Every structure is written in structure tokens, then in C-alpha cells.
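Asks: The lines below spell out each chain.
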Amino acid sequence: MKYGAPFLAVIALVLIAWLGSLIPGMQYVFGVVFPYLAMAMFLYGFIRQVVYWGKSPVPFSIQTTCGQAKSLDFIKHNKLEAPDTNSQVVARMLLEVLTFRSLFRNTQARIYSGPKLTHESSKWLWMFALLFHYSFLVVLIRHMRLFLNPYPVCLDWLEFLDGIFQIGAPNWYITDICLVTGLVLLLLRRFCQTKVRYISLANDYFPLFLLLGIAITGILMRYCLRGNVDVVAIKQLAVGLATFQPTITADIASIFYIHLFLVCALLVYFPYSKLMHMGGVFFSPTRNMRNNTRAARHINPWNPDIKPHSYAGYEDEFREFMVDAGIPVEKELPAKQA
Amino acid sequence: MIVLLDFSLTEISRVAWRIAVAESLREQADLAEALRCHRQKIVERWVKYALSSYQSPDFFLREGDPFANPIGGAMRQAFDRLLPLLAQKPERLEFSEILRQFVQIRAVQGLVPSQALAPIYAVKHILRDILAADKERAALVANLYDFDFAVDIAALAAFDMYMESRERLYATRLAELKSGRHILTDGGCPSKTLHPVGDDG
Amino acid sequence: MALPKLEELSRSVAEDPSMATGSVPTREWMDIPVVFKSGNYAYPAKKDKVEYLNSQKGLSFPNARVWSPEEDDWKLPENWKEIILNGLKERLDKFRSLKIFMDCCVRCGACADKCHFFLGTGDPKNMPVLRAELLRSVYRNDFTLAGKLLGKMAGGREMTVGVLKEWFMYAYQCTECRRCSVFCPYGIDTAEITMMLRELLHTVGIGINWILEPASNSNRTGNHMGLQPHTFKDNVEFLVDDVERLTGRRPNITFNRKGAEILFITPSADVFAEPGLYTAMGYLILFEALGLDYTWSTYASEGGNFGLFTNNEMMKKLNAKMYAEAERLKVRYIIGGECGHMWRVLHQYMDTMNGPADFLEVPKSPITGTVFNNAASTKMIHITEFTADLIKNGKLKLDKSRNSHIKATWHDSCNTARAMGLMDEPRYVLDHVVDWVEMPENTIREQTFCCGSGTGLNTDEIMELRMRAGLPRANAVKHVHDKHGVNMLACVCAIDRATLTSLMNYWNPDVRVCGLSELVGNAIVLDGETREELDDGLRTL
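These protein sequence lines are chains A, B and C, in that order.
Basically this note's numbering = 1-based index in the first sequence + 38.
Basically this note's numbering = 1-based index in the second sequence + 118.
Basically this note's numbering = 1-based index in the third sequence + 362.
Hints may contain errors.
[Claimed, not checked] Using 27 Å as the maximum straight-line C-alpha spacing, the simulated DSSO-like pairs for lysine-lysine come out as follows:
#, chain 1, residue 1, chain 2, residue 2
1, C, LYS409, B, LYS296
2, C, LYS409, A, LYS345
3, C, LYS726, A, LYS114
4, C, LYS409, A, LYS369
5, C, LYS769, C, LYS754
6, A, LYS345, C, LYS620
7, B, LYS159, B, LYS253
8, A, LYS233, B, LYS166
9, C, LYS769, A, LYS114
10, C, LYS456, A, LYS345
11, A, LYS40, C, LYS510
12, C, LYS443, A, LYS93
13, C, LYS845, C, LYS754
14, C, LYS451, C, LYS419
15, A, LYS40, C, LYS757
16, C, LYS409, C, LYS443
17, B, LYS166, A, LYS161
18, C, LYS409, A, LYS312
19, C, LYS514, A, LYS40
20, C, LYS451, A, LYS345
21, A, LYS233, A, LYS312
22, B, LYS207, B, LYS242
23, A, LYS312, C, LYS757
24, C, LYS510, A, LYS312
25, C, LYS726, A, LYS117
26, A, LYS93, C, LYS510
27, A, LYS233, A, LYS40
28, A, LYS233, C, LYS527
29, C, LYS692, A, LYS345
30, B, LYS296, C, LYS399
31, A, LYS345, C, LYS419
32, C, LYS759, A, LYS93
33, A, LYS369, C, LYS692
34, A, LYS114, C, LYS757
35, A, LYS114, C, LYS759
36, A, LYS117, C, LYS754
37, B, LYS166, B, LYS296
38, C, LYS419, A, LYS369
It is worth saying that the hints were derived from the structure and are not from the lab.
A quick note: this is a predicted structure, and the numbers were derived from the prediction, not measured.
Sequences are here, hints too, so could you generate the full structure?
Replies: Here you go:
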């Protein structure tokens, strides 16, 4: 089953962390050893993958032009969609990375509407993706307060903004809700849209389940099982991890270890999976190249030495016809023998 | 007497005929009303049925933009326009116009002819099913002779269109050949012509 | 009570699912084998063509043989799997794009309904994402850690003959139009995937004749048609005769003339087949009106490059003729005619492959003095850029009313739109020569739909497939035909001119197809012309 197995895998991870953290002495393994190991594997894997990509050259300039190229003076150049300079490329890439521009493009004018159609706006995917990615980013930044001591004051501002609606006690963060909503919507999309469901693989469900697991355990910790969670001890551990002097001072609830272990799993899984699209998007030759290939030569490092079928060979084969037809030749016909 | 009888007989038959006409008109009106009332549902199921012969009908069903989804769009439009006509006096030419794009699409999709045109007949079954479920109009099921006849006419019109489409396809093939591009593949092969060839002008 | 009958109806007609029929797939795509039958594949390349190409220096087309897609045994070389996997490794090392496109896809589905082949056939494997997965699954299995460890669980699958057959089916149901790449959040370009698939297939002797034969013709005679120099010249001269008959002016033309200022290269179809002929007549009239110092070449008599549809070596070898000829003839720069894939090669590959063209000068219009800095390195400009500049500077005497029998619409060719960015120049020219309207918004410019027969798929044995694939384009044309009375589909692509003609013949018989230069040529008022009322422009018999 494409989604059954990944789901069970995440459940298994939860169980491992839960049961494992209950064994005396294993807290250190789950709280210190695994995080270091996972971080090391993440960094190694990430760098390895980027180097692996970087090792292959970009032989041809294959940008996809999505607008008018730079051309004659009176033709308006679309600088973002057919960039001509490096700064235009940077602008195009920034829009792509920060606003998912290509997904946004996924718009279609609906001119004809038959009898009651289920219109599925094409912007959904873009919205879900934005919702998830930005929530995740903010949540990640908020977590920095655990690792930094003292933490920068801007984290306070961020937390204030994130909790500005002042709902519930403890105050709910908007991004926590958005993160889970985003993930659930992305998951539902995979389940409900036949087309997407058909192309989805286990590798598409696993990260969604894993991230949901992380988000749910995190939320449980903050809002529901708060009484059992010793935040001071966690902060101490986190700062310790960040400063390479990890200590576990008190018993921390299993839910924390589950959360942490799932994060470790994510870190290990990340570089070997499609999640590397985070790095890959910067490398995409159809987006990150200038559309100036006629103005400046792009170099192919392995340009093979291939000569055309030579003119001389061509003329040798057809000289007689060419002379007959009055087409100029390099070498005249040999004088006719009597 | 006889004259009288004859007269009255003629009169009776005339009245009977009038009644019959009125009856049939009323039925026709009833059916038209039923089709109007269930139009959406019938077209929905009709399109769904027709699209079930593609590998990924889901997309064709959902995407409403006829430019992003020409197959689904063409079908929906054709069936939606065809349905009310089926309760009226069938005009073959009208059918042809309405079904043109639908049939043109079906004619190039690697379907055998019966597969290509089968969806048109499906409406007979769909209508019966929907009427049967509608208590007020269940009685209409017994008298769908005219409707079926109209569907048959539409199918025959589609059959003509289908043949026309196939013939046009072959004509297009021929035109391509005649335009000279066959020289691309039917010209002498280079390896052969590497040997000296005679002057061909 | 009625439903069972409906099911019976379906059963009686849908027992034989073909590629475009059958019910909703109940099986995973990996488990559905391809079935080849007459009409759903293009004919394999003839053995002697493959052998000829293999004998050419710098090219490799091994394993030539007679084979048929419909037979179970494709007579693959014994070590075919090794060849394919090594070939894939080699290409991963040579193309970063391939690695990125293999690794980055998240299967979001944004591309799925953007492909004209998917829209026309409904076959899920024609969704760009699945087309790429055909290769990606093999890549995962043999080249990634996750795939090596988890195999099918990680979306990997072993390279088998079945997979190879799938590659052949779907690599030749993609026209490399790049529409999907516009919508992909990572810019994944299925054209790259298709190119790699085709390159790999060639290493085990699998290719189609409609591509390899023109390629070998082009190598030997200089053009796809295999026209020998004298025939090529004759053909252009016929057109000169026609122009003289219609306008009273006889264009002055030369072939292989040394010292001309400009070398002009256009797809050979323009001098050979309708309706390209009229486009070529347009060029002749334009150049005659300007008194341009230019020459045709019989050696570099092909603008198109079927190497683009084969492999990068073939592309380079065919393309190299242009610079070689420009250097031999000592021209200053080159003007290229109207063609789609030709311009992808010229814009994105030529300079890299065969440059730098130091022996040429930066193109400068002899009429207006405009310097084309956008072609400062390749020294090759598009005829539409050249024409737009002339019109802007008022150097052409145009009579728009000569095209009053035409209501045009504009088809952006895939390659000029998405691999070059030539969009507003042709529109500028159209504004000055003809009355025209745009097709619906999401079917033009960078979102333009392919004719459905590009990349060497314009062969008649797959006519139905082409008609299906061209449906999205035809549908948009139908809309403007019904709404605005459009009767002419204009474009700047030689393949379009041929294939859209067939497409229109089938879907919209009232719409004809023409090149932009035909409309320009028809509108030009020549000095000293004795032109009578031509009610069908250059097509008047």
C-alpha cells in the first residue's frame, strides 16, 4: 500500500521513541546521541547531494522563457520571465523560491461553465504549499529560542505576532494551526484527487505523515500535556546540544522524546528524498539561467569535437550537377576527355 | 343512414385522432418538462458514462475550462444541447451540428466505431433510470417510444458524422502525401545514392 | 432496473481497452504494460539509415537492425541493459539538468493537465510527471541510496524490456514543447527527459524513421528533403517564377555566392511543400523590396535540425554546417527563416556547440542601421526581428488591405515562445499587415499549445494520435473561428505549417495555415510592380 506502509512506519517510529525513552539510561541516547547523529547525517547527506549535483556541468543553456525576451528597443522586455542579466535571474529565482511563482501561474480562465461544474481552482495547490512552507519556517524560527541563550529579541516579536489573536490558554500560535492545516490539505489532495493519487508514491506520503507526527507531538506538548513537560530542562538540553555540552537534568516526558526522535528521522530522511527539492530548486537550469544565449556564449566543458559533413565532400559528390545548374563551385570539373 | 353513419364514423375517428394528437402532445410536453427538470442530472451521468471509457476521466469531469479540457468540455456541451432536442421532433441536421465535435474526437481516439458511438445510446438507459426514481413521472417510462426514436436518429446522424470524420482523416493523410513530404521517407536512401546516380534532371 | 442494461452496453463495446480507452485504471501505472498496434507508434528507422548515420564521424548509432514494435522480440543486443544503465550514468555525469530533474520532483501534479498529449488522449502516462517517472523509477532503483535499499517501496523499479518498450512509446508521445516546464515549481523540463530517453534508446538501436531519415538526408544533401543542389535551386526558382507572375517583379536570387553580406537559411520545407512555399515567396518579396545583398546556400539548405530530436551529437553535426558555410562564403552574418525547433537550436545550442563565430560580424540591418545586440555572439537573427525593425523604421511600404480576405489568429510556436521568448515581434508585425485576433488567454504566448506533431512526430502512420494531441490547439482555434470568423492560423514554424494544416483539415476545415512572412510578402508594395487584384494573395493561382 502506498500510504499504509509509510503511515505504519511513522507509527513505528513513535513507538520506538516512546518505549525507548522509558528504558532507564536511554534518555541520553534519544536526547543526545540521536540528535547529533541525525544532524551529522543531515549535513553530510545534504552537502553530498549538492556536491553530487554540482559535479555535473550544465552543458547547455536551456532556460524556459515565460515571457518576451530582450530584443529590439521598442519591444517590451519581460525581465522576470526571460531574464537577461544576473540580477534579473536573481529576481526571478527569488520570486520562484519565496512566492512559488510557477505554481501561482497555475491559473486558468474559466470562460465556459456547463451545468453545475465542480470548479476546482488551480490556486489551491499554491495556497496549500505556501501555507505549509511558511508556517514551517516560522515554527522553525520560533524554536530557535530553545537553542539560543540569550535569544535575540526579534523572536519575542515573532511570537507576539504569531499569537496575536490571543485565543486559548496557553495562547495558540497561528502557525501551529496553519502548519497542520497545510499538511492535512496537502495530504487530502493526494487522497482525493484521482490524478494526484495515481501518481503518488510511498515517498510522497511518508514525509507528510512524518511532518504531521512532528507537528502533532509538538502541539500536544505545548497545549495539552504541558503539565508533564519540563520546559526548563528541555531548554537546558537544547542549549547544551547547541554548545556541545549536552546535559539532561531532569526526567522529561516521553512526548518530548517522540517529538525529538521524529525530527531526527526527518533530518536523516531529508537528504535522500524528494525533500531535497529545497536545495534543487536553486539549481534548476530552466529557471536559473539567463536568456542571453545569442548575445553571450555559454560554454560546454565537454563539447565534443564533431565536424559537419564537409563542404568539400558535398561538392565532390554533387559537383557535376552544381556546375550544370550554374551554382558556383570551389573546384572546377576536370576537362572533358575527348 | 349510411351516410350518417359514415359521417359519424369519420367524426369519431377525427375526434379520436384529435385526442390522440393532444395526448401525444401532452406526453411530449411532459417529457420535455421531465428533461428540463432533470437536465443537470441526466447530462452529468451521461458525461460521466461517456468519459468512463478514458483512462483518467476524473480530470475530464472536473476541469471546466474548455480550452484546458477540450474532451470533457466538448462532451458536456454536446449532451447538454442534445438532450432537450430529444423530446422534440428530431431534425437530423440539428443533431449533426451539435454532435460534430464529440464525434470528431471519438473518431480519432483509437476506438472501434461501436465504442465511439455507444455513449449516445446510453441516454436511453439513464433517462429510464432517472424517471423511474421520480415518483411523479415514473409513468412516463412506459411511453418513451418517441424519445428512443429521437435517440436513434441522433445516433444515425452521429454515424454519418463518424464516417465523414474518418474520411476526412484519410483525405488529410492523402493531402500530406501529395504535398510532397513523403519524399522525406520515400526518397532514395543516402547509402543507396552514395553510388553514382544518373542525371535525374 | 435500467442500470444493468447500461453496464451491458459498456461491456459490449469496451472489452478491448486501447491506450486511449478502457476504464479507470485499477492497476498501478507500473503494472500496466504498453501494447503496440498499428497506428499508435511511428515506424522504426530503416536499417540502412541507421547504418549510414553510424558510419559518420562523431556519431554513434549502433545496433542497426530490422525490428518491429509489434513483435515481442525487439532483437535487442545481448547486453542491452548494461548499455542503457551505463548510458544513463554517463548522461547523469554530463547533464546537471538530468540529475536535478530526477531528484527534485515532488509529484505535486501541477504539470499533469498541461500536456496536450494527456489532454488529447487521457492516458495517465502522458502526464509529464509520469513520463518522467518512467525514467525516474529506473534512476531511483540503480542510482539512489533509498532506491537501492528500499526498491519498489521507494518508487524504484528494475530496468526490463517492458520498461524499455514503455520508454519508446512515451518518448515518442512527447513533442518536447516544454509547456509543463512553465508550470513546474522546480522548472522540471520534460523535453530534457524525453531527449535523454531518446538518446538512450538510440544506443540500443531504437529510433523512428521519420526522424533518422531526414537527419541522414540533411547530413548528406544539406536538407531534410534530400534535395540535391540543382533541385534545391530549381525549387527556389519556381517560386521566383511565381512571384514574377503575381507581382510583375522577378526577385533576384543567388546561390552559394561568396562575399554576399547575408546568408539566408530557412527550413527546406519552405521551398518544397505547401503552405511553406508561400512563406518562402514572402521572403523573396521582402528581400527584393529591400534590394538585400544576400545569398541562399545549397550546402546549408536546411534550417531545421532533426538532431534535436535524436541526440546532442547529431544536433551539433547538422548545425555545424551553418557556421561552416557562413565562413566559407565570407558573409557578415546570417538571417534565419521561420522555424520553431530550428530556433531553439540557434538560440540555445548553436553558439555553445559550434561557436564562437569570430569570422562573422554583429548583425546590423543594412536598411535601418539597427544593431542586433541580442545576437552579438551568434550573429544570427530571426527574420521576424529583422522585419519588425524594418516596419518600426518605416522602411517597408505596406498595404494592409491586400490581406483583407484574411482574418488571422496567431499561434505561438512552442520553441520560439518557450525556448527563445519571441512573442511580441510577430505580434508587432501582424498589427501592420493583417487584421487579427488572439486566441484565449491560456493557450497563447508561453502557455501556447503544441501542434501535436512536433519533434519528428509529423508522420502519417500516427495520424490519429496527432489529431488527438493537437486537439487542445484546434479547440482554441475553433473558438476564435466561431466567435470572430478567423480563417487563417499564422505561425513562425515550418513543422507547424505542415502539421497545423492537417490539424485544421480535420478539426476546422475553414481555417488555413500560413507563415508570418507570407502575410508580410502579400502586403508589401513593390516599386514597379504590375500586380493585379489578387483575391487570395500569394496563393492566387
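Asks: Take the hints in turn and mark each one as holding or not.
Replies: Each hint, compared with the structure:
no., hint, result
1, C:LYS409 with B:LYS296, "26 Å, holds"
2, C:LYS409 with A:LYS345, "24 Å, holds"
3, C:LYS726 with A:LYS114, "20 Å, holds"
4, C:LYS409 with A:LYS369, "34 Å, violated"
5, C:LYS769 with C:LYS754, "23 Å, holds"
6, A:LYS345 with C:LYS620, "22 Å, holds"
7, B:LYS159 with B:LYS253, "16 Å, holds"
8, A:LYS233 with B:LYS166, "16 Å, holds"
9, C:LYS769 with A:LYS114, "26 Å, holds"
10, C:LYS456 with A:LYS345, "20 Å, holds"
11, A:LYS40 with C:LYS510, "18 Å, holds"
12, C:LYS443 with A:LYS93, "25 Å, holds"
13, C:LYS845 with C:LYS754, "31 Å, violated"
14, C:LYS451 with C:LYS419, "24 Å, holds"
15, A:LYS40 with C:LYS757, "65 Å, violated"
16, C:LYS409 with C:LYS443, "21 Å, holds"
17, B:LYS166 with A:LYS161, "25 Å, holds"
18, C:LYS409 with A:LYS312, "42 Å, violated"
19, C:LYS514 with A:LYS40, "10 Å, holds"
20, C:LYS451 with A:LYS345, "26 Å, holds"
21, A:LYS233 with A:LYS312, "19 Å, holds"
22, B:LYS207 with B:LYS242, "17 Å, holds"
23, A:LYS312 with C:LYS757, "56 Å, violated"
24, C:LYS510 with A:LYS312, "15 Å, holds"
25, C:LYS726 with A:LYS117, "24 Å, holds"
26, A:LYS93 with C:LYS510, "21 Å, holds"
27, A:LYS233 with A:LYS40, "15 Å, holds"
28, A:LYS233 with C:LYS527, "23 Å, holds"
29, C:LYS692 with A:LYS345, "19 Å, holds"
30, B:LYS296 with C:LYS399, "26 Å, holds"
31, A:LYS345 with C:LYS419, "8 Å, holds"
32, C:LYS759 with A:LYS93, "55 Å, violated"
33, A:LYS369 with C:LYS692, "17 Å, holds"
34, A:LYS114 with C:LYS757, "21 Å, holds"
35, A:LYS114 with C:LYS759, "25 Å, holds"
36, A:LYS117 with C:LYS754, "22 Å, holds"
37, B:LYS166 with B:LYS296, "41 Å, violated"
38, C:LYS419 with A:LYS369, "24 Å, holds"
Violated hints for the displayed structure, listed by number in ascending order: 4, 13, 15, 18, 23, 32 and 37.
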